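Keeping the supplied structure of chain C fixed, place chain L upon it in accordance with the hints.
One line per chain: the protein sequences are C and L, in this order.
For the first sequence, the numbering used here assigns the number 444 to the last residue and increments by one with no breaks.
For the second sequence, the numbering used here assigns the number 172 to the last residue and increments by one with no breaks.
Some clues are possibly wrong.
Example chain L residues on the side facing chain C (calculated, C-beta under 8 Å, incomplete) [as the list claims (entries may be wrong)]:
#1 Pro-36
#2 Ser-70
#3 Ile-74
#4 His-81
#5 Ala-112
#6 Arg-139
#7 Ala-141
#8 Pro-145
Some chain L residues well away from chain C (every beta-carbon gap over 12 Å; in silico) [claimed, not checked]:
#9 Glu-12
#10 Ser-17
#11 Ile-18
#12 Pro-19
#13 Thr-21
#14 Glu-108
#15 Leu-115
#16 Ile-126
#17 Tyr-128
#18 Trp-144
#19 Leu-157
#20 Leu-164
Note that these hints are calculated values from the structure, not bench results.
This one's a predicted model, so the numbers in the text were calculated from it and none came from an experiment.
The beta-carbon is built from N, C-alpha and C at its ideal position, and this holds for glycine as well.
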Amino acid sequence: MDVLGRYRNLIVLVGVLFAQVLGLAVQVKRTTDSEPTRLIRIWAIGAVTPLEKALVWTQTSCGNIWHNYFYLRGVRAENRSLKAQIERMSLEQVRMSQDADQARRLQALLAFKEQFISETMAAQVIGSSGSELSRSVYIDKGEKDGLKPDMAVITADGVVGKVLRVYRSTSLVLLIDDQTSGVGAILDKTRLQGIVRGTPSGEVVLEKVMSDETVPAGELVLTSGGDGIFPKGLLVGRVTKVTPGSELFLNIRVRPAADLSKLEEVLVVTKIDERRAEPDQTGAARAVDILAGRLPSVPSKPENAVKASVPGTVVPGTTAPGTAARGAAAPGAGKPGTVTTTVAPANSASDVKLKVALPQVSASGGASAVRKAPNAASLPSPASSPSPGAASGTSPAAASATKATGDVPIKVPPLKVSSVKVTPKPVTEAIEPKAQPPAGDSPH
Amino acid sequence: MAITYTSGEQVEVYRFSIPATVLIPLAAVFLQAWLPLRFPFFTIFDLPLLVVIGFATARRSPLAGLLTGSLIGILQDALTHHPIGLYGISKTVVGFGASSLGIKLDVENAGARFLLTIFFYVVHEIVYFMIARGLVGLRMAWSWPHEFLSGVANAVLGILVFMLLDRVKQRT
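Looking at chain C on its own, in the form it has when it is part of the complex:
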């Protein structure tokens, strides 16, 4: 008893330290799915964040009153300058929207999937972790506002971080300069991919770029979309210094585009849509698209279909000799510049459609039989190189669908394009029918 009394303080110290080390070990051992310390964190945040919110609100209110009602010096001149800027940007926007339309059309042809930020929520930064080794901030939006972990947080300048923990009315955002963060990134010009990480000293580096690559300083770093958190194409920062790394990789320092040390307001990406790019139907359309839209739709595949046996009848998903699916300009289909073709109707099973993307097409005579083929049956436009699948004209999906149905014949009224004239150059030049290798002479 005497010993216990004499070393009481030391025993308590060892006990407290042991308990904390044990707790720490449990937390390190456990996965993030079950968080045993959530209650402690909720209490701590509940004690601190109301003060922070009140202080930020007071500061913002005073700032707004001052800037909106008193300090209006130079506002007229600024207004004039902004109006002039809007006029300049409007002109630029017209040009850029045309470029964007063209890009969308090309992406649609290639069946690209894009990620779009469809919903964001503005949030105010109310506090930080207060530690050099934990680079994170608190925002004034939480679970009741619909926030969830792993949502991307951005500003107008660039990527900020991701939502790490969500509480009732606040959330913890892990910044990209923290050593435990990681952002899938791609270099703008060289298209090299890597991972953007923070370092213990607070710098941001791009890792996993091989040392035999050349990365110029000043190159932009964008999100690659590979991490599943940040949509592709957001600005992360700019390369400031490239040095050889200790291993096989380059040591690339990046300056974040967003000023992470002076964050006030951020945007939380609450919803990302993933959809195929489609050409803007409201803009200027090609004649062939308009014609395609006017065509009668093909009914869904009947169960007892009749096998195509006569010219102009085809099995769904397959192509008849000399059809548009075989390159739109079959040999002997007519004179150069004129496509006479019969197109298989859309396969209901695989939703195969055929799309002819030709420049300045003028159709005469009967309805132009144009369908869309997102998989591979589409004919490439002059701007896009034909893929092997496209050149052969039969999509794998379509072919498999045909096999699945057991080549059940179908009788479909032939949709005939009697004469579709291509003005600038013959289609046969734009789309070369791929020479079929002899049977049994597979390259592999």
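Here is chain L on its own, set in the frame of chain C:
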């Protein structure tokens, strides 16, 4: 006054009122979380650590010192995204050490407090470094110049904080 070796009976023992005991650590943690947003350089300071040292040296009770350090450290940990216990363990050690030293030494003057703060700041960082690297597996960079300069900066701020604490402490 220089640091002098005194017996336990000769040194003054102080206490703090309950509101001060609760609100001062809370205010320290709050300011530590809020000020870096406006002044990014403030992350080199550790206000909660200064409060722990201030409380421990004034109370001169190792038990109270280690418990105060433990609670303030855990509160600080809860605001970070790291596991709880990193600051808790470091500040427990500092609280125990500062109060034990407070019994032995007279640390009422500014010079003694300055040196004491530098010493305990470095101890705090060493303990934190060891636990973070050895137990949690965080990548850490140790730099003696950085730690020493941060210790000096904290000691300067510490003198002001201890002066404020002197105003609220009560003689037992």
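Tested hints:
Satisfaction of the interface hint for L/Pro-36 is found here, the shortest Cβ-Cβ separation to chain C being roughly 5 Å, below the 8 Å cut-off. A hinted interface residue such as L/Ser-70 counts as satisfied when its beta carbon comes closer than 8 Å to some beta carbon of chain C; here the least separation is about 6 Å, so the hint holds. A least Cβ separation of about 7 Å between L/Ile-74 and chain C falls short of the 8 Å threshold, and the interface hint therefore holds. This hint holds: L/His-81 has a C-beta 5 Å from the nearest C-beta of chain C, less than the 8 Å allowed.
Taking 8 Å as the C-beta contact cut-off toward chain C, the hint placing L/Ala-112 at the interface is violated, the least distance being around 22 Å. This hint holds: L/Arg-139 has a C-beta 5 Å from the nearest C-beta of chain C, less than the 8 Å allowed. With a cut of 8 Å, the hint placing L/Ala-141 at the interface with chain C holds, because the nearest CB-to-CB distance is about 4 Å. The beta carbon of L/Pro-145 comes no nearer than 13 Å to any beta carbon in chain C, farther than 8 Å, and the hint placing it at the interface is violated.
Non-interface call for L/Glu-12 relative to chain C: holds, since the shortest CB-CB distance, roughly 20 Å, exceeds 12 Å. Every CB of chain C is more than 12 Å from the CB of L/Ser-17 (nearest about 19 Å), matching its label as outside the interface. The claim that L/Ile-18 lies off the interface holds: its Cβ sits roughly 16 Å from the closest Cβ of chain C, which is beyond the 12 Å cut-off. No Cβ of chain C comes within 12 Å of the Cβ of L/Pro-19; the nearest lies about 14 Å off, and the non-interface call holds.
Its beta-carbon lying about 14 Å from the closest one in chain C, L/Thr-21 satisfies the requirement of being farther than 12 Å from that chain. Even its closest Cβ contact with chain C, about 22 Å, leaves L/Glu-108 beyond 12 Å, as expected for a residue assigned away from the interface. At roughly 23 Å from the closest C-beta of chain C, the C-beta of L/Leu-115 stays outside 12 Å, upholding its exclusion from the interface. Look at L/Ile-126: its CB is around 14 Å from the nearest CB on chain C, clear of 12 Å, so calling it non-interface holds up.
Interface exclusion of L/Tyr-128 from chain C breaks down, the closest Cβ pair being 8 Å apart, not more than 12 Å. Consistency note on L/Trp-144: stated as away from chain C, and its beta-carbon is indeed over 12 Å from all of that chain's, at 15 Å minimum. With a least CB separation of 14 Å from chain C, L/Leu-157 remains clear of the 12 Å interface cut-off, as annotated. Every C-beta of chain C lies more than 12 Å from that of L/Leu-164, the closest at about 18 Å, which supports listing it as non-interface.
Of the numbered hints given earlier, the model fails hints 5, 8 and 17; all others are met.
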